[in-house]
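Asker: Sequence:
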Amino acid sequence: MSESPQELALTPPSSFFSTVSRDVGKEEGGRRLLGARKEFFPPHRIPSSMKTFAFWLASALLLGLLALPLGPLPPLGSTFNPGTGVAAAYADLPRGQLRLPGLKEPVEVDWDAYGIPHIFAQNDWDLYLVEGYLVARDRLVQMDLMRRMAGGRLAEILGPLAVESDAIQGALGLRRVAEATAARMKATDPETYQLVEAYTQGVNAWIQEAKRTHKLAPFFRLLKYEPYEWSTVDSFLIQLLMTQRLAFTTVPLIYDGLSRALGPERVDTLATPVPVTARLPFMRQQPYHTGPFPPEPIPDVKTYEDRRLDLLEAPQAYPRTRLGPGAPSAAAVQVGLAWVAQVWDALAFGEGASDNWAVAPQRSASGNSLMAGDPHLDLTLPAIWYEVQLRSPKVDAYGVSIPGTPGIIIGRTPYVAWSLTNTQNQQVFYYREKVDETGGRYWHDGQLKEFHNVRVTIPVRGQEDVVLQIRWSVHGPVISDLGPNFRHRFPYPEGETISLAYTGNLYSLDVKALYLLMQAKTAADVKEALQWWGAPTQNFAYATAQGDIGVISAGYYPVVDPREGAPWRILDGEGPSDWIGLIPYAYIPQTENPPWGFVWSANQRNMPPDYPYYVGVSGLDWDFGNRSQTIFEFLNRDRPLTFDDMARLQLSLHNPLAARHKAFLVSVVRQAPDASAAQREAADILEAWDSEMRVGEPGPAIWQKFWDAYVLEIFDPWWSWAGLKNEPGLSLKASWPPLMHAADALTHVAAHPEDQPLVDEALQIWLEDPGTEEVRTIPSLMLKALQKALDQLGEEQPGVALKDLQWGMFHTRQVASLLEVKALGIPPYPADGGGGVTNSDSASWRQVVEIPRGGGGWAMGVYPGGQSEDPASPHYKDQFPLWRDGRYKPLLYLPAFLGEGQLAEGPDRAGIKGQGNPLMKSPFVDDGRARLLRAVRMVP
1 MSESPQELAL TPPSSFFSTV SRDVGKEEGG RRLLGARKEF FPPHRIPSSM
51 KTFAFWLASA LLLGLLALPL GPLPPLGSTF NPGTGVAAAY ADLPRGQLRL
101 PGLKEPVEVD WDAYGIPHIF AQNDWDLYLV EGYLVARDRL VQMDLMRRMA
151 GGRLAEILGP LAVESDAIQG ALGLRRVAEA TAARMKATDP ETYQLVEAYT
201 QGVNAWIQEA KRTHKLAPFF RLLKYEPYEW STVDSFLIQL LMTQRLAFTT
251 VPLIYDGLSR ALGPERVDTL ATPVPVTARL PFMRQQPYHT GPFPPEPIPD
301 VKTYEDRRLD LLEAPQAYPR TRLGPGAPSA AAVQVGLAWV AQVWDALAFG
351 EGASDNWAVA PQRSASGNSL MAGDPHLDLT LPAIWYEVQL RSPKVDAYGV
401 SIPGTPGIII GRTPYVAWSL TNTQNQQVFY YREKVDETGG RYWHDGQLKE
451 FHNVRVTIPV RGQEDVVLQI RWSVHGPVIS DLGPNFRHRF PYPEGETISL
501 AYTGNLYSLD VKALYLLMQA KTAADVKEAL QWWGAPTQNF AYATAQGDIG
551 VISAGYYPVV DPREGAPWRI LDGEGPSDWI GLIPYAYIPQ TENPPWGFVW
601 SANQRNMPPD YPYYVGVSGL DWDFGNRSQT IFEFLNRDRP LTFDDMARLQ
651 LSLHNPLAAR HKAFLVSVVR QAPDASAAQR EAADILEAWD SEMRVGEPGP
701 AIWQKFWDAY VLEIFDPWWS WAGLKNEPGL SLKASWPPLM HAADALTHVA
751 AHPEDQPLVD EALQIWLEDP GTEEVRTIPS LMLKALQKAL DQLGEEQPGV
801 ALKDLQWGMF HTRQVASLLE VKALGIPPYP ADGGGGVTNS DSASWRQVVE
851 IPRGGGGWAM GVYPGGQSED PASPHYKDQF PLWRDGRYKP LLYLPAFLGE
901 GQLAEGPDRA GIKGQGNPLM KSPFVDDGRA RLLRAVRMVP
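Okay, so the sequence shown: first residue is 1 according to our numbering, each after it adds one.
Don't read these hints as lab results, they were simulated from the structure.
Here the structure is a predicted model, which is why all the values come from computation and not from measurement.
Hints are not guaranteed to be accurate.
As the list claims (entries may be wrong) - Straight line, CA to CA, 16 Å or less: simulated EDC-like cross-link-like pairs of lysine to aspartate or glutamate:
#1 211 / 229
#2 211 / 189
#3 803 / 684
#4 921 / 645
#5 215 / 226
#6 449 / 436
#7 803 / 708
#8 186 / 310
#9 434 / 450
#10 434 / 496
#11 803 / 690
#12 434 / 445
#13 784 / 674
#14 784 / 690
#15 434 / 645
#16 784 / 708
#17 394 / 124
#18 725 / 697
#19 434 / 574
Sequences and hints are given; from them, build the entire structure.
Answerer: Printed below as a string of structure tokens:
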């Protein structure tokens with residue numbers, strides 16, 4: 001290792017998705033620079049942990065799979081040899097008795113036929129320890145790469161092409177936050193910290209066993225390194241990575257750039273605190289909290305001050321990874337990176353699409369509480385979720401966890417069920433710092449203050465360490481220190497110094513909240529638990545055995561004074577726009593037992609127009625509202641709701657946007673004297689279509705192509721006029737919610753002029769032609785868009801008549817293998833659904849629960865993958881066929897350890913038999929594997 005680490009000019013986060021036309025090792029001015037690359041613009045949120053995880057993992061593993069002489073990597077033939085490779089490393093599940101270091105008392109584990117462990121412990125320490133051990137046994141590669149991605153340690157195993165990723169995370173300071181969180185929890189909440197420590201010991205027990213018995217996954221052999229010991233900091237790193245995935249955004253920088261190009265008055269018609277469609281009669285966004293509210297925002301200063309962390313202490317030294325001799329050749333890695341970049345560029349990742357709801361007993365056919373949820377995240381193999389049952393004298397829960405983090409995130413106890421969706425409030429605020437001529441000081445509160453200089457060291461395999469210097473202000477890291485390309489990526493005036501404040505940098509006790517949730521018996525218990533939840537903010541929908549239902553949008557909501565600037569753009573860093581506290585827990589969006597008998601969330605704005613606190617604007621990114629409308633209309637039917645209805649709603653293909661506007665489009669075509677024959681045929685097809693996004697029909701294809709072209713037809717002239725079409729970060733995107741809201745509102749009032757007073761008249765400025773200042777009409781724009789859509793359909797499916805088109809020709813789903821081998825992944829296949837319907841493309845977990853008055857009850861669930869990350873395991877993707885076909889498996893909530901072979905076929909054993917059991921007759925349930933596969937007794 002060099003004694004004088006080199007410094008590096010860095011590029012912005014978009015480089016995660018760069019193609020690899022690079023000149024690695026190029027010298028300029030005495031510094032090693034990353035070469036030029038072609039940029040392509042990813043979604044505006046920081047690339048998700050799973051995308052980045054797949055990016056690097058596939059890059060590395062693809063090398064051996066190519067079977068080319070590109071370096072010293074061993075061929076994969078021996079790796080997958082049944083006697084010496086995967087099958088040996090991942091042998092059958094343990095059975096009989098297993099000695100596990102660190103246990104205090106014996107622990108019993110049943111595995112069902114899907115490889116899901118049901119853990120029965122006599123104390124919480126042992127419960128969490130065994131959870132850590134079993135999750136690591138199935139997912140250690142995933143866990144190792146996630147902690148490396150968050151902590152900025154990918155280049156240590158992958159070499160210089162991973163430096164950019166490490167630099168971004170080093171600049172944002174996730175490692176600092178994780179270490180500060182661990183230290184604070186250890187000092188102030190030792191009981192909760194011990195749970196994380198127990199999980200950590202379990203992970204390390206497997207790492208040590210795997211090394212000792214030569215059962216480390218083939219990935220480690222391919223990359224020639226060994227995973228270092230797990231720490232509590234690593235679990236917090238993975239928690240922070242998921243927070244980043246769900247909370248971090250660059251939209252204020254985008255709005256700032258758009259405002260400078262198009263004018264703030266015009267852009268602010270899109271950046272509205274209340275969506276422009278919220279007052280229209282069709283849009284039921286359902287405010288949870290109806291007040292009364294204080295006339296002026298009252299910040300919770302005490303909690304804010306208590307949750308702030310000192311992030312300027314130097315982080316502890318990472319253990320250096322033990323590397324084997326040699327490394328993948330640069331040429332091989334370059335091939336892998338370029339190939340994977342193309343894969344990700346081709347995938348269509350939409351905006352948030354999670355759903356959850358709960359139904360009160362008076363609205364259900366059985367008289368029991370119902371709860372359903374389907375969080376939507378990127379779909380990969382291995383999956384983001386790990387399914388498990390946890391039981392001790394205190395904890396009694398079943399659900400899914402994130403590998404590397406202890407406890408269950410979504411699930412149920414015998415008395416309470418819950419699920420999450422993303423709240424979408426603004427959790428990142430950007431500040432324009434006014435610096436002095438030296439660049440070392442900045443103005444704040446009328447004083448010149450010194451920046452704190454943070455040194456980030458990045459170990460690079462086969463090369464010298466790279467050092468990055470990042471300034472920190474009172475707000476947080478100065479992200480513009482990432483380098484000159486950052487300003488090109490997010491254009492703002494030259495010479496600006498931009499910092500950020502982020503809720504992910506506050507002390508968050510999510511582990512404590514989940515620990516209490518896993519003990520919950522009442523709605524009061526749920527509310528008590530969720531006061532500890534910090535980041536990311538999440539909508540927790542819940543139902544209880546007592547018949548209570550509710551939604552609590554738990555987490556941190558920073559309070560700023562909106563009179564001191566526009567928080568959806570870059571704020572003045574001199575002090576007036578600083579955070580002054582958090583929204584008090586009593587006033588965060590929430591509801592309990594509303595008179596209509598159901599609650600729901602679907603990433604929509606979840607507070608009424610008179611809510612006194614600023615929480616964000618359209619584009620940050622409240623959902624467009626289609627799924628919310630579908631859920632409301634389904635649950636509001638004048639008939640009792642059943643357990644199976646919950647599945648029907650999760651699998652719904654109804655597109656309310658199409659149902660709203662296709663009749664108007666049809667009338668526009670039929671009234672147009674110059675409409676083409678193709679346009680008239682398309683109108684006939686749309687008129688006959690029932691707005692269901694079915695794979696084999698032409699209507700969905702025509703509609704979706706039309707709508708995308710229509711949104712672009714409205715806004716493209718302005719983007720072209722301002723020269724924004726090719727600006728990185730500012731290019732036009734038809735699915736961006738603010739544009740969707742505006743197009744929806746403009747179309748509605750064109751079809752229903754009587755509702756014009758319900759829409760801000762300023763929105764009409766987008767119909768002006770920037771070149772001629774003439775006002776374009778909605779019918780003319782619709783006709784142009786329909787013709788462009790038809791032309792595009794013809795280009796993509798030449799020779800296919802309109803009536804013979806099928807939605808599946810254009811809409812597919814896939815679950816990519818992180819090995820990027822077709823046989824090991826789920827290749828693209830024609831699929832129902834799509835954006836804006838509850839059955840969209842990324843339901844990462846589906847869960848339906850019914851809880852009777854006395855507790856217990858029944859549940860079904862499924863996710864598109866399996867428990868193991870080992871492609872040779874029968875549990876690699878064994879749940880996918882059920883998920884693909886819209887079916888579920890019964891969730892075997894065992895009342896006690898049963899032992900191997902004690903659960904027969906069929907959902908009528910193991911405590912799930914009972915009067916009114918909906919699993920017995922549900923057409924959605926596949927019960928063919930509802931049995932125990934293996935059992936083990938773990939002893940100290």
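Asker: Decide, hint by hint, whether the structure agrees.
Answerer: Here's how the hints hold up against the structure:
Restraint check: the Cα-Cα separation between residue 211 and residue 229 comes to about 11 Å, which is no more than 16 Å; the hinted pair holds. Restraint check: the Cα-Cα separation between residue 211 and residue 189 comes to about 33 Å, which exceeds 16 Å; the hinted pair is violated. Only pairs whose Cα atoms come within 16 Å are accepted, and residue 803 paired with residue 684 is accepted, the gap being roughly 10 Å. For the hint linking residue 921 to residue 645, the alpha-carbon distance of about 13 Å falls within 16 Å, and the restraint holds.
With a C-alpha separation of about 11 Å, the suggested pair residue 215 and residue 226 falls inside the 16 Å cut-off, and the hint holds. With a C-alpha separation of about 10 Å, the suggested pair residue 449 and residue 436 falls inside the 16 Å cut-off, and the hint holds. Distance restraint check for residue 803 and residue 708: the Cα-Cα separation of roughly 20 Å exceeds the 16 Å cut-off, and the hinted pair is therefore not satisfied. As the CA atoms of residue 186 and residue 310 are separated by approximately 15 Å, the hinted pair is consistent with the 16 Å bound.
A hinted pair counts as satisfied when its Cα atoms are at most 16 Å apart, and residue 434 with residue 450 qualifies at roughly 12 Å. Distance check on the hinted pair: residue 434 and residue 496 sit about 8 Å apart at the alpha-carbon level, within 16 Å; holds. With a CA separation close to 15 Å, the supplied pair residue 803 and residue 690 stays within the 16 Å bound. Distance check on the hinted pair: residue 434 and residue 445 sit about 11 Å apart at the alpha-carbon level, within 16 Å; holds.
Between residue 784 and residue 674, the direct Cα distance comes to roughly 12 Å. Compliance with the 16 Å bound is thereby established for this hinted pair. Our distance criterion of 16 Å between C-alpha atoms is broken by residue 784 and residue 690, whose separation comes to about 24 Å. Restraint check for residue 434 and residue 645: the C-alpha separation of about 57 Å exceeds 16 Å, so the hint is violated. Between residue 784 and residue 708 the CA atoms are separated by roughly 12 Å; this keeps the pair inside 16 Å, and the hint holds.
A distance of roughly 7 Å separates the Cα atoms of residue 394 and residue 124; the hinted pair therefore holds under the 16 Å criterion. With a CA separation close to 33 Å, the supplied pair residue 725 and residue 697 exceeds the 16 Å bound. Proposed proximity of residue 434 and residue 574 is supported: the alpha carbons are some 7 Å apart, at most 16 Å.
In summary, the structure is inconsistent with hints 2, 7, 14, 15, 18 from the numbered list given earlier, while agreeing with the others.
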